[in-house]
Every structure is written in structure tokens, then in C-alpha cells.
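Trainee: Taken in order, these protein sequences are the chains called A and B. So in the working numbering, spot 56 of the first sequence is number 56, and the numbers just go up one at a time. So in the working numbering, spot 83 of the second sequence is number 83, and the numbers just go up one at a time.
Derived by calculation from the structure, the hints in this document are not laboratory data. Hints may be right or wrong, so weigh each one.
Stated by the list, open to error - Taking lysine to any residue pairs in the SDA-like style, the calculated list, with each CA pair at most 20 Å apart, reads:
#1 A:188 to A:227
#2 B:72 to A:284
#3 A:104 to B:41
#4 A:207 to B:47
#5 B:77 to A:245
#6 A:250 to B:76
What follows is each chain in one-letter form.
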Amino acid sequence: MRLSTGSRLLVLLASWLFVAFPTRALDLQLRGFADLIGTQTNSRLALSTINNGAHLTLDSETRIGLNLSSDLGNNLSFAGQLLAQGNDSGQYSLNALWIFANYKPIEGLTLRFGRQINPIFLYSEQFDVGFTYIWTRLPAVVYGILPVNAFSGLSVIYSYFINRIQLRTQIYGGAGDTDVETATASIKSSANDLMGFETTLSADHFKVRLGYTSYHPSGKMTLISGGAPIPLTFGHYKMASAGVQFDYSKFLISTEYAHSESESPLIHTGAGGYASVAYRVLPRLTPYLTFGREGNLSGSLYQFPDATVSTTQLIQEDNYIAGINFKLTPSAIVKLEYMRVENRYIDSSKNFGADVATGALSVIF
Amino acid sequence: MLSSKLLIVLVFVFSFNAVADIAVVTNLKNDFALSKEQIHDLFLGVKEAFPNGSPAKPVDQHEGTLRNEFYKKIADKDESDMNAYWANLIFTGNGRPPKMMNGNDEIKKYIRENPEGIAYLDATAVDASMRTVFVLK
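This is chain A alone, in the form it adopts within the complex:
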């Protein structure tokens, strides 16, 4: 198992907390989650459209997470989350998804320092925790298009109430990084001058989130065939999003839309959105339908540096999803999902349709 720098940092910090504070004063809580996901498809091409281009096997999507949090007193708290996840070669790596400290100087105001998830979408912070959403995986037409999902930096979070309605705003800034593996190259990219904000309005039965983020990506590409790393600059990248969740009686409705612009043809420019309706036919059983579309893309990192990038450029991707969510126990959910993928390219001979069946077991502990 490979340990990332972030996970080593989290282990070191937890060790220091144990030594520096009496156990009682630490008020430590340890929680966890796991997702066992298996997929069957009639086309390997469909796999590249899901989960940031990762090939779908039982190994690459199955994951186990551990969450450690501590209330240190004096309005200071700490939280971190480790994720063990496999890859296509069957090896597991351990990464710190996020690790940060919160300081609450006054009621409603939080200053957050450390590695954090870019909270631009409705379910961004829940991406790896299948137990918290109805689908087997979050809709790729929105959640697959943000190249950098985490950053290290500072957030200022303020929330206040108007009667029973909570308004929460997070303004953040820092720097992010991500690694992208393609069939022909490995790209290590950084998100410089990353900044953004999200505003969430929530009440008993609905939640609305608006988000915006921008940064200047740069990186180095190493061809699998060998040679010196090639420096890359991508110009300015920005994305805006809007999402609504409505949860009332037996209905659960979610819809999101995201629009991105990039000065570089190598990074997604375009828009994606989905609408999903679920109906609780029984207290434990909830079938759902989802339609998603992503379109007008100017390019894709995952195809670079293929010389035929202009002809393999994706014009539109449609996802038709039908699934069932069954609460096995209060802490375990079984999900079965079918998805039809329809992709259209500039070169119509590249067009394809595929069927993807997914089964998942999501638990918390």
C-alpha cells in the first residue's frame, strides 16, 4: 500500500494530538465508511466517461475511508479523512482526502485552514461517501468535469438564519494539484491562485447551492513512451455551478448544472447538467431515474496528446440512469443501477453507445 504525503501528515498530526493533549481533553471521534462497487459493461469506451477517466473494475472504485475529528476546546477543532482506494493494477493507495483545522471566533463564523475539498457542487464534499447519496456514483456529467477537486488554503465560512432558513457562504483561496494518467501520458498539474465561493440556502425540505471557482493550471507531461517532461501552461480556468435538492415526503429531487470556460483547448470547456427524481415506494426501498447531459466540449485532458484530438473531440454525452436504493440496515445500503451512455463526436465514426450495470454496497461505521 502506498502512503501519500497528506496521509503521512494526518497520521503525524493525530500522533501529536495524542501526545500533546490528555485523552479526555481531545474528545476524539473515529468514524468510517466503505463502498464496494462492481461494474459490468458491454463497452470499455463507456468506462472512460465515468469517474475522471478511471477504468472501472471492482478494485478501482472500491474504497474505505476513515474520519478522525477532535474538539480541542477554545473554539478550535480538527478533522481529517483518509481514503484507501484501489487502482486498475489492483494496488491500493492511502490518501488524505482532506485535513483541516477549524477556528470559530464567534457563533456562525468559521475559519478553516488546511487541505479542503473544492465545494463548488451540491455533493462535492461527499464525493467518496456513497452512503450519503442515492446513486452508485455521483453523476459524471457534472462531477467528472472539474479537473482539480481539492486545494490547500484558507476558507472563511459564515452562516446565519432567517427564521428556519439557513444561509451559508464559504469564500476560499489556495492552491491545488492533481495527477492525470492517460493511455499515452502522465500529467502532473497544479492549480495556482485558486479561489472561489459557494453559497448554500437550506431549510427543512430543500437546499440550493451556487458555486464559482477559478485558477491558473500548469503542469508537466511525461509521455509513456519516454523522454523529458514537457512543461504545460493552460491559461485561466473558471467554473460556475448551480444545484437544487428537494426532499419532501416520498420525493427526492436533485438537479445541478455546471458551466466551465478555459483559455486552453486541453481542458474542458462546456457545460454539464442532470436531473434526478427518486420516490420512496417503501420506507427502505427507493427507485430513481436520472438524466444527464454534458456538451460543447472544446477538448479533454484524457485524450491529450493524441494527435487525433480534434477528430475525437466529444460534442455531447448523454446518460440515462435507472436504479434502486435499498436500506439493508440503518448503516448499510444496497444499490443496483443501469446506465445507458450515448456519446457523439465531431468525427461521427467515433460515436458509440454503451450499457453499464453497477452494483454497490455502501456502509458507515
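Since the structure of chain A is already known, use the hints to place chain B on it.
Mentor: Then chain B, alone, in the frame of chain A:
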């Protein structure tokens, strides 16, 4: 004879369905009352202070009938719903559930010693060492 047997059966059945009142209690130093909505907000981590601005630290019962009944009454959520609710907050780093305590004795001791404490008990277990701020019927 038949009626006495029927009475015994009815008593047996209703004794399992009977739901005791649940008392929400705080330290004797607190002199405020709380509404059902305020109790909801404190126990679900929406707010972290009492209406007078002083910090609130709710504590929870272990899993069981009383806990399930409490959350059903204040939030209309069952155990599974509550797990999903807290998973949303815990695994995003945005909140932690109330600390669980081992039974009424530990909860009473905590409430007696901590002015910021708030808890819930079967109403029949409440004594003069704590203040009842709301009773859930």
C-alpha cells in the same frame, strides 16, 4: 373469565406500545425554557448555543428505543435517516453528533456538573438535580 383474559391481553399489548414522555433537561443554573424547534437545532448540530448565547453541549443516549423515539419526535427521522444526516456532516468535516453516554446515571452526572449540558431522559427518570426545559409527549 373471558373478559379478564381479554383485559390481560390488552394490558400486555399496550404495555409494549406505550411510549413514555421524554424530558429534555439541563443544569439547574439555566433558567430558560426551550421550544421543540430549538431542541431540534441543538441536537442536530444546526446551532451550538442556547438562546441566551451561552455554549450548548448536547449529549445522546445509546442506540435504542428512547433514542429512536426522541429523534422521531423532534425531527421525524428514524435511525437510518439520522445515520444519513450525521454521515453528511461527519464525512464532510462540517459537524459531529452529540457524544453518547452510558445510561441515565452518567447523563445525570454530566448535566449536574456542566451548565452547558443538555440531554433527554425518560420523564420518569428526572429528579430534582436537573431542570426540565421541555417535555416531548
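Trainee: It remains to establish, for every hint, whether it holds in the given structure.
Mentor: Hints and how they fare:
Of the supplied pair hints, the one linking residue 188 (chain A) and residue 227 (chain A) holds, its CA atoms being roughly 15 Å apart against a limit of 20 Å. With a C-alpha separation of about 16 Å, the suggested pair residue 72 (chain B) and residue 284 (chain A) falls inside the 20 Å cut-off, and the hint holds. Taking the CA atoms of residue 104 (chain A) and residue 41 (chain B), the gap is near 18 Å; set against the 20 Å cutoff, the hint holds. Using a Cα cut-off of 20 Å, the hinted pair residue 207 (chain A) and residue 47 (chain B) holds, with the two alpha carbons roughly 17 Å apart.
Restraint check for residue 77 (chain B) and residue 245 (chain A): satisfied, since their Cα atoms lie roughly 18 Å apart, inside the 20 Å limit. Of the supplied pair hints, the one linking residue 250 (chain A) and residue 76 (chain B) holds, its CA atoms being roughly 13 Å apart against a limit of 20 Å.
Violated hints for the displayed structure: none, as all numbered hints are satisfied.
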